[in-house]
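Please take these sequences and the hints and turn them into a complete structure.
Here our numbering is used: position 78 in the sequence shown is 78, and no number is missing along the way.
In case anyone wonders, no lab produced these hints; they're calculated from the structure.
Any given hint could turn out to be false.
Beta-carbon label-pair distances, calculated as ranges [what the hints assert, rightly or not]:
(1) P12 / V100: 25 to 31 angstroms
(2) G221 / D182: 16 to 22 angstroms
(3) V132 / R40: 35 to 41 angstroms
(4) R66 / I17: 45 to 51 angstroms
Yeah, the Cβ is synthetic: ideal placement off N, Cα and C, and Gly gets one too.
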Amino acid sequence: MAYRILVADDDPHIREIICFALAKAGMVPVPAGDGAEALRRFGEQPPDLVVLDVGMPELDGLDVCRRIRRTSEVPVLFLSARDEEIDRVIGLEIGGDDYVTKPFSPRELVARVNAILKRAQARPAPAADVDVLARGELRLDPAGHAVTFRAAPVVLTAIEFAILKTLSARPVKVFRRAKILDAAYGAAIQVADLTIHSHVRNIRGKLAAAGCATAIETVHGVGFRIGPCRAEP
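This is the structure we're talking about:
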């Protein structure tokens with residue numbers, strides 16, 4: 001079954017280009033001209049991924065993402081006419097999976113959508129407990145695409161899960177940022193270092209909320225590694 005992609009952008013020309021490119025790639029685009037329409041269409045039938053323009057009037061893409069994140073972990077790809085760091089940071093910190101700056105190549109946008117969907121939709125058959133990755137009191141089940149800390153579930157986006165899985169698979173290894181990005185997005189996709197920092201910050205925050213403040217360690221000048229993952233004293 002073809003993926004349904006909700007495309008919210010107030011510029012009809014850009015919206016048409018995105019929808020055409022997605023349809024050509026075998027997906028089903030669902031257009032929305034503003035944030036309110038995007039939320040309405042999302043409620044009617046949740047899509048497999050949402051493309052959100054940050055700069056929509058009245059209800060912008062960031063607000064739409066915040067409302068979606070109250071009930072759903074559906075992947076979100078942000079679009080923006082501004083290449084400003086603060087926009088990227090806010091977008092990723094509120095739960096976005098990726099960020100594309102206008103003007104963009106439709107081919108690149110489709111490639112990024114495919115990369116995110118590949119992570120989000122990967123659901124192998126349940127495997128034996130031996131396949132569960134454990135670090136301290138953290139448990140990561142690649143087959144079930146689930147994370148728990150002290151038996152409490154921790155909800156991660158597909159990209160966040162891919163990053164944590166990469167780190168957990170080699171507990172003593174320090175991973176350079178480029179290696180983590182390749183594991184999360186694929187080597188063919190170029191992503192800024194800022195992106196990995198935002199995702200790592202999100203993972204740390206979610207695990208800290210579950211009681212684990214030692215999940216990911218920064219090795220300055222090198223990259224990241226998984227921490228001891230123990231509960232706070």
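How the hints compare with the structure:
For the hinted restraint 25 to 31 angstroms between P12 and V100, the CB-CB distance of approximately 18 angstroms leaves it violated. A beta carbon spacing of about 19 angstroms between G221 and D182 agrees with the range 16 to 22 angstroms that was offered as a hint. In this structure the supplied range 35 to 41 angstroms holds for V132 paired with R40, their Cβ-Cβ distance being about 40 angstroms. Distance hint check for R66 and I17: the Cβ-Cβ separation is about 26 angstroms, which falls outside the suggested range of 45 to 51 angstroms.
The structure shown violates the earlier hints numbered 1 and 4.
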